[in-house]
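Peer 1: Next come the chains, spelled out residue by residue.
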Amino acid sequence: MSRNTLFDKVWQLHKVSSLPGGADQVFIGLHLIHEVTSPQAFGALKDKNLKVKFPERTIATVDHIVPTDNQTRPFKDNLAEQMINTLEKNCIENKIKFFNIGSGNQGIVHVVAPELGLTQPGMTIACGDSHTSTHGAFGSIAFGIGTSQVRDVLATQTIAMNKLKVRQIWCKNKLSSGVFAKDLVLYIIQKLGVKAGVGYAYEFAGPAISNLSMEERMTICNMSIEGGARCGYINPDQKTFSYIKDKLFSPKNEDWDRAINWWKSLKSEKNASYDDVVEIDASNVDPTVTWGITPAQSVGINQKIPSKLEIDPNDRFIADEAYDYMGFKPGQLIKNTPIDVCFIGSCTNGRISDLRVAAKVVQHSKVAKNVKAFVVPGSEKVAKEAKEEGLDKIFQDAGFQWREPGCSMCLAMNSDKLTGNQISASSSNRNFKGRQGSPSGRTLLMSPAMVAAAAISGKVTDVREFIKK
Amino acid sequence: MRNKFSPPTGKLTTVVGKPIMLIGDDIDTDRIIPARFLKCVSFDNLGQSVFADDRKKLDGRHPFDLEKNQGASILIVNSNFGCGSSREHAPQALLRWGIRTIIGESFAEIFYSNCIAIGVPCFTLSKELIKNIQNIKNQDNDLFEINILESTVKYGSMKLNLEIKNSSKKMFLSGEWDATSTLLENLNLIEKKINELPYVKFNKSLH
Ligand code: SF4
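Protein chains in written order, with the numbering used here: chain A, 206 to 674; chain B, 44 to 250.
What the hints contain is simulated information worked out from the structure, not anything from laboratory work.
Glycine residues also receive a C-beta, built at the ideal position from the N, C-alpha and C atoms.
Among the hints, a few may not be true.
Unchecked claim - The calculated lysine-lysine pairs, modelled on DSS-like cross-linking and capped at a C-alpha distance of 25 Å, are:
1. 235/B with 368/A
2. 244/B with 457/A
3. 251/A with 54/B
4. 244/B with 300/A
5. 638/A with 513/A
6. 47/B with 253/A
7. 377/A with 472/A
8. 256/A with 47/B
9. 235/B with 300/A
10. 247/B with 214/A
11. 174/B with 220/A
12. 247/B with 444/A
13. 220/A with 247/B
14. 244/B with 61/B
15. 258/A with 47/B
16. 258/A with 54/B
17. 368/A with 47/B
18. 214/A with 54/B
19. 247/B with 450/A
20. 258/A with 244/B
21. 256/A with 61/B
22. 444/A with 244/B
23. 256/A with 54/B
24. 302/A with 47/B
25. 251/A with 174/B
26. 253/A with 247/B
27. 244/B with 450/A
28. 212/B with 253/A
29. 256/A with 174/B
30. 452/A with 54/B
31. 253/A with 100/B
32. 469/A with 220/A
33. 247/B with 452/A
34. 54/B with 212/B
35. 247/B with 300/A
36. 61/B with 258/A
37. 54/B with 469/A
Said to hold, decoys possible - Examples of chain B residues lying across from chain A (beta carbon under 7 Å, computed):
38. 84
39. 192
40. 246
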């Protein structure tokens, strides 16, 4: 059993009771909601004649279904309009803060909460969305929940949950130049597999992690769930505090000093014990690209797609399915695979630093013929900042479309979809079959810099060759 | 119209109500609630659409349309009731029409667990006894009385033993089937907890 880790401390602090069935009742410090998983939960509350217990602890925004081209209301898609409408109504009725389109603070829920200073160390954070693990980058314990648990949080600000085990993933050394957080997390998932994290919280630690910016740390924690871990976190440090300072909702004045003092006490102790420890050498990571239909099926840019013999016997079935679906041959190079669509965005890599890196790659170049490339900023704030820096111009001059904020082609609930068996280079987090809107569409996950490089050359390329130029 | 819908909550010990007989094996979830009713942001309006297509075909003669069955809450069915898809909309539609418990010869697995999650106990009985019940001529409008602890149904002078999984029975009696209510029982602990959390104190803008 783990002891003296940040996870243990935060869990203990939020534990309300031990339930007879064996689970713990855990208090949720911050509850985030969006339009897709909340309506039935509000409905269930009404049926039970219950009220939202602590409305000030729930914050709403709209992200999954919003169109990123034309956002005038009513939306063209009736069902999308009905969903945003329902959220608007539920928030008004229950006095919940809602960051709607045009508020200046709307965006993908996991981009919005950190940039508003809502996400803070030591909190428990829940949202009806599996990528809630993102917020762990700040040393909070954050996890996705189902609709019935959304109802429970609304009604009681608590949920019933079994305590997780803790695995420390120690990342030694540093990432080399041209290699990013996305590459590191894809590499970790490739090493451990997509199911290894089930029942665990992942603590990412070590020099390679300390060295990352807050936005890069969010990319790492965001994808914990792709490794099966419901929750991933990083111990807070000076970078964490500096990021939070002076945000809309961050503590101010003497509250700030109290906050810092408390936040500093949360770190996993030197003598902490873990249920498991894994070591990763960050200096071994190359720009990484997925070739299959799970985020664990990835290779370094100069590596070959594994041959059948190289695949672990337990993974052969899914590997066969992947070769077949993707149309790749075992042993083939991933490099130079032609690309149809390039998507930069999502809660994994739709932040300002992602756009800056990608813009640098595309500057003074043109998107390859026959490639459709587009940028969807993660939030209205990201979009504003990017415009102030002229990034939108750089992208548009290169031939990218510049869109309004939302989830967009990460899951294709709006009109941004692959067609037929198009291949996309995507900065998002899931390459499941059909994820990007076409039942036979194919997704190659990679860092935003790599997506940018693919857009320019029209095929999978080593971004380091671009950076050198 | 019936009174405003209020769902089951907390510990469930008894169900008293009028029975409604629905005859037929393998009644699937598509019949209980046809797929076109799934495009919705809430379960609210499902009650009126329960068995929509069957009822349309029978033009007022379906058990759920008969005058004498209005207000009934105990559904008596035959075997493999609720087979088909996993949609929670099916038990939700029955519940919202007014059904509070179901007695049948057997139930489909997923349908059964969905029923538990929303507080609708399902009991089983032998083929013969189900037939006997379905043949009762309920002229006196006597009510069925189901005792969950004893697992019995009483009707007039008749009393039958019902079967129910022990684990399900425990969940209904303890109220644990209903996570929200179980959590709400510790309301005082929740209020105490929120006052203990350091960050609640230094995040005044969130109040
Ligand atoms: S960007 Fe993608 S993964 Fe993130 S919340 Fe939206 S749909 Fe989910």
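Peer 1: Each of the hints needs a verdict: does it hold here or not?
Peer 2: Here's how the hints hold up against the structure:
Between residue 235/B and residue 368/A the CA atoms are separated by roughly 21 Å; this keeps the pair inside 25 Å, and the hint holds. For a cut-off of 25 Å, the pair hint linking residue 244/B to residue 457/A stands: about 12 Å separates their Cα positions. Distance hint between residue 251/A and residue 54/B is fulfilled; the C-alpha atoms sit about 19 Å from each other, no more than 25 Å. Of the pairs offered as hints, the one joining residue 244/B and residue 300/A holds, with about 21 Å between alpha carbons and a cut-off of 25 Å not exceeded.
For the hint pairing residue 638/A with residue 513/A, the CA-to-CA distance comes to about 20 Å; that is within 25 Å, so the pair holds. A hinted pair counts as satisfied when its Cα atoms are at most 25 Å apart, and residue 47/B with residue 253/A qualifies at roughly 11 Å. Taking the CA atoms of residue 377/A and residue 472/A, the gap is about 19 Å. The hint holds against a cut of 25 Å. A distance of roughly 17 Å separates the Cα atoms of residue 256/A and residue 47/B; the hinted pair therefore holds under the 25 Å criterion.
Restraint check: the Cα-Cα separation between residue 235/B and residue 300/A comes to about 23 Å, which is no more than 25 Å; the hinted pair holds. Taken as a hint, the residue 247/B and residue 214/A pair is honoured in the structure, with Cα atoms around 23 Å apart against an allowance of 25 Å. Taking the CA atoms of residue 174/B and residue 220/A, the gap is near 51 Å; set against the 25 Å cutoff, the hint is violated. For the given pair, residue 247/B sits about 23 Å from residue 444/A by alpha-carbon distance, which is consistent with the 25 Å threshold.
Pair hint residue 220/A plus residue 247/B holds up; C-alpha atoms about 22 Å apart against a cutoff of 25 Å. For the suggested pair residue 244/B and residue 61/B, the alpha carbons sit about 53 Å apart, so the restraint of at most 25 Å is broken. Between residue 258/A and residue 47/B the CA atoms are separated by roughly 23 Å; this keeps the pair inside 25 Å, and the hint holds. Our distance criterion of 25 Å between C-alpha atoms is met by residue 258/A and residue 54/B, whose separation comes to about 21 Å.
Restraint check for residue 368/A and residue 47/B: not satisfied, since their Cα atoms lie roughly 39 Å apart, outside the 25 Å limit. Taken as a hint, the residue 214/A and residue 54/B pair is broken in the structure, with Cα atoms around 34 Å apart against an allowance of 25 Å. Simply put, residue 247/B and residue 450/A have alpha-carbon atoms about 15 Å apart, close enough for the 25 Å limit, and the pair holds. Taken as a hint, the residue 258/A and residue 244/B pair is honoured in the structure, with Cα atoms around 18 Å apart against an allowance of 25 Å.
Between the alpha carbons of residue 256/A and residue 61/B the distance comes to roughly 32 Å, so the proposed pair goes past 25 Å and is violated. Taken as a hint, the residue 444/A and residue 244/B pair is honoured in the structure, with Cα atoms around 23 Å apart against an allowance of 25 Å. About 20 Å separates the Cα atoms of residue 256/A and residue 54/B, which keeps this hinted pair within 25 Å; it holds. For the hint linking residue 302/A to residue 47/B, the alpha-carbon distance of about 29 Å lies beyond 25 Å, and the restraint is violated.
Simply put, residue 251/A and residue 174/B have alpha-carbon atoms about 38 Å apart, too far for the 25 Å limit, and the pair is violated. A C-alpha spacing of about 31 Å is found between residue 253/A and residue 247/B, which places the hinted pair above 25 Å, so the restraint is violated. Distance check on the hinted pair: residue 244/B and residue 450/A sit about 17 Å apart at the alpha-carbon level, within 25 Å; holds. For the proposed pair residue 212/B and residue 253/A, the alpha carbon gap of about 22 Å is at most 25 Å, so the pair holds.
For the suggested pair residue 256/A and residue 174/B, the alpha carbons sit about 44 Å apart, so the restraint of at most 25 Å is broken. Restraint check for residue 452/A and residue 54/B: not satisfied, since their Cα atoms lie roughly 46 Å apart, outside the 25 Å limit. Under the criterion of a C-alpha separation no larger than 25 Å, the hint pairing residue 253/A with residue 100/B is inconsistent with the structure, at around 34 Å. Restraint check for residue 469/A and residue 220/A: the C-alpha separation of about 21 Å stays at or below 25 Å, so the hint holds.
Distance hint between residue 247/B and residue 452/A is fulfilled; the C-alpha atoms sit about 14 Å from each other, no more than 25 Å. Annotation: proposed proximity of residue 54/B to residue 212/B holds, straight-line Cα distance about 11 Å (limit 25 Å). Pair hint residue 247/B plus residue 300/A holds up; C-alpha atoms about 17 Å apart against a cutoff of 25 Å. Simply put, residue 61/B and residue 258/A have alpha-carbon atoms about 36 Å apart, too far for the 25 Å limit, and the pair is violated.
For the hint pairing residue 54/B with residue 469/A, the CA-to-CA distance comes to about 44 Å; that exceeds 25 Å, so the pair is violated. A distance limit of 7 Å between C-beta atoms decides the matter here; for residue 84/B the minimum to chain A is near 4 Å, and the interface restraint holds. Annotation: interface hint on residue 192/B violated; nearest CB of chain A at approximately 17 Å, more than 7 Å. Restraint check, residue 246/B versus chain A: the minimum CB separation of about 6 Å is within 7 Å; hint holds.
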